[in-house]
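*Asks:* Input sequences plus hints: build the corresponding full structure.
Chains as they are written, first to last, in this note's numbering: chain V, 73 to 338; chain Z, 39 to 359.
None of these hints come from the bench; they were simulated from the model. Ideal Cβ placement from N, Cα and C applies to all residues, glycine included. A portion of the hints provided could be inaccurate.
Stated by the list, open to error - For lysine to aspartate or glutamate, the following DMTMM-like pairs were computed, each having C-alpha atoms within a straight-line distance of at most 20 Å:
(1) Lys-62/Z to Asp-246/V
(2) Lys-54/Z to Asp-246/V
(3) Lys-220/Z to Asp-176/Z
(4) Lys-62/Z to Asp-48/Z
Unchecked claim - Take a look, some chain Z residues computed to stay more than 12 Å from chain V by CB distance:
(5) Gly-107
(6) Ala-326
(7) Val-333
(8) Glu-344
Residue strings, one per chain:
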Amino acid sequence: MGELRAYAALMAGQFRAMASYRASFVVELVSNVGGTALDVGTVFVLFRAGRVVGGFTLAEAILMASITAAGFVLADFAVGNVDRLTTYVRAGTLDAVLVRPLGVLPQLLLMDLPVRKALRVAIGVGMLGLGIRLNHIHWTPGRGLLIVVAPVAAAVFFGAIFVLSASLSFWWVDSGEIGNGFTYGGRDFTSYPITVYGGWFRAIFAYALGFGFVAYQPALALLGRADPLGVPARAGYLSPLVALLVAAIAAVVWRAGVRHYRSTGS
Amino acid sequence: MIEMKDLRKDFTVRVKTGRLRRAKRTVSAVDGVNLTIEPGEMVGYIGPNGAGKSTTLKMLTGILTPSGGMVSVCGLEPVPQRTRLALQIGVVFGQRSQLWWDLPLHESFQLLRHIYRVPAADHAARLRRCRSLLDLDDFLDTPVRQLSLGQRMRGELTAALLHGPRVLFLDEPTIGLDVVSKQAVRSFLAELGEGGTVTLVLTTHDLADIERLCRRLVVIDHGQVVHDGTIEALHARYGSRRSLVVDLDAPLAPGFELPGASVTAVEADGHRVTFALDTVSAGAAVAALVGAASVRDLSVVEPDIEDVVARLYAGPVRDAP
Numbered sequence: 073m074g075e076l077r078a079y080a081a082l083m084a085g086q087f088r089a090m091a092s093y094r095a096s097f098v099v100e101l102v103s104n105v106g107g108t109a110l111d112v113g114t115v116f117v118l119f120r121a122g123r124v125v126g127g128f129t130l131a132e133a134i135l136m137a138s139i140t141a142a143g144f145v146l147a148d149f150a151v152g153n154v155d156r157l158t159t160y161v162r163a164g165t166l167d168a169v170l171v172r173p174l175g176v177l178p179q180l181l182l183m184d185l186p187v188r189k190a191l192r193v194a195i196g197v198g199m200l201g202l203g204i205r206l207n208h209i210h211w212t213p214g215r216g217l218l219i220v221v222a223p224v225a226a227a228v229f230f231g232a233i234f235v236l237s238a239s240l241s242f243w244w245v246d247s248g249e250i251g252n253g254f255t256y257g258g259r260d261f262t263s264y265p266i267t268v269y270g271g272w273f274r275a276i277f278a279y280a281l282g283f284g285f286v287a288y289q290p291a292l293a294l295l296g297r298a299d300p301l302g303v304p305a306r307a308g309y310l311s312p313l314v315a316l317l318v319a320a321i322a323a324v325v326w327r328a329g330v331r332h333y334r335s336t337g338s
Numbered sequence: 039m040i041e042m043k044d045l046r047k048d049f050t051v052r053v054k055t056g057r058l059r060r061a062k063r064t065v066s067a068v069d070g071v072n073l074t075i076e077p078g079e080m081v082g083y084i085g086p087n088g089a090g091k092s093t094t095l096k097m098l099t100g101i102l103t104p105s106g107g108m109v110s111v112c113g114l115e116p117v118p119q120r121t122r123l124a125l126q127i128g129v130v131f132g133q134r135s136q137l138w139w140d141l142p143l144h145e146s147f148q149l150l151r152h153i154y155r156v157p158a159a160d161h162a163a164r165l166r167r168c169r170s171l172l173d174l175d176d177f178l179d180t181p182v183r184q185l186s187l188g189q190r191m192r193g194e195l196t197a198a199l200l201h202g203p204r205v206l207f208l209d210e211p212t213i214g215l216d217v218v219s220k221q222a223v224r225s226f227l228a229e230l231g232e233g234g235t236v237t238l239v240l241t242t243h244d245l246a247d248i249e250r251l252c253r254r255l256v257v258i259d260h261g262q263v264v265h266d267g268t269i270e271a272l273h274a275r276y277g278s279r280r281s282l283v284v285d286l287d288a289p290l291a292p293g294f295e296l297p298g299a300s301v302t303a304v305e306a307d308g309h310r311v312t313f314a315l316d317t318v319s320a321g322a323a324v325a326a327l328v329g330a331a332s333v334r335d336l337s338v339v340e341p342d343i344e345d346v347v348a349r350l351y352a353g354p355v356r357d358a359p
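*Replies:* Written out as structure tokens, the structure reads:
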């Protein structure tokens, strides 16, 4: 309880600090909007090639892309800041975070408030609304629950990937690009029906790494469609379990990373 | 209060050995340190650059995980019990700020009150004390990024003490400070130490910090403790002596000898002579001199700790692993 109040105080302090740089905040807020809309937009481009891609219609593909988009912006909003870890590890300034009686990860996330990403969250959620509107979903209580759970699970999944890829910098300081490959590459992977990908690549990303459970399988469950790849439609309801599993792995790796932190000479 | 048993920290460094080849090499930054520090002690921890001072401090504060051995602070194991330990200790890094760069100093103090869950009354009392002892009032409303180094360091000291820590770790607290700020920091720490409730561990390159503050001196070199004791013990061990500098009206007679002392320097055509006091007391030496020569002026010079430490650092050279 006292700890929560401590975090709240930290957040309030960051707000006041941010207020001292007002102009740059507005610029960043606006410049952040473009990206998200563009991601879903690329799905349209893909469908200019044909009415059906990978066995799915444009509307169905947009549902998958929008679950991804909503989940990703939520994750980026909540834990996207963790990518600053590289800077703190390189400069050794993580020392100051480690001598305080609070968790390392929450402190890092509160070092910078993601208010500038708030507009993106609105757009991502709007996209999800569009994805639902374009399809004629036969609503059941289960699907009603899934449409809420799936984007949240996607957010947990991507959040875990953010943390995992940031943790790499505890071992390799210059790991930024490897990490980005998984976060942004993962987002792009799940924006399309996984049927468009080739055999071994799909097997690794969709099933071994779990990206197929972020948007593809939940979308199938929502649409009530059989999976052309033969996985039962109900598998979509597993998405929160997959997300929690990845989050657990991320937590273990993060802890190991903090123990491996080497600081810098001073 | 603090215990280290055979504490080690190894770092792996990769060394280029060829165009593409790299060899792994293990470097022991801290190589089997054994130390026990009692409550209320003020310990100076010194050593040349790269000797392992900061690494030790980082293991004591839970920043670095030891590679081996045992460490306990306030009865806690620093890394696994990091957040619990953080409530009991205060840390000042001369080169790393604990304060919020963009906020006024007093807001940093308020944030720390919430972070450390300090009762408002305790917080106010401690802040009041620091404000008067460290003269903070002039810059409490200034954003930290605009403070001078001396002002910031006074802010850092306050920040480290607001939660009433039982142990205070200071890593080069006077580095880069001007003479006045150094004095302010030293006298503040001296007063803090006199209370006897705070255990203080201090690393520094400025030996005046140690002479002013610490009864106990620990010297570390190549990751190992090479001296642990009082400053006097260090002088005794390395044979540093007090000297007697005498200004004379006329040079001493040739063949003059002062029992228990030896001449270390003759200057100004014999008008100034420096004796090292080997076994004789300063009083006896002065009495003997006044009887034998016409003394115009004299002074007793304390041994210079810088010299002793410089000899110590340069001393037994170990082979690199």
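*Asks:* Next, verify each hint and record whether it holds.
*Replies:* Hint check:
no., hint, result
1, Lys-62/Z to Asp-246/V, "holds, 19 Å"
2, Lys-54/Z to Asp-246/V, "holds, 18 Å"
3, Lys-220/Z to Asp-176/Z, "holds, 18 Å"
4, Lys-62/Z to Asp-48/Z, "holds, 12 Å"
5, Gly-107, "holds, 16 Å"
6, Ala-326, "holds, 51 Å"
7, Val-333, "holds, 50 Å"
8, Glu-344, "holds, 22 Å"
Violated hints are absent here; each numbered hint is respected by the structure.
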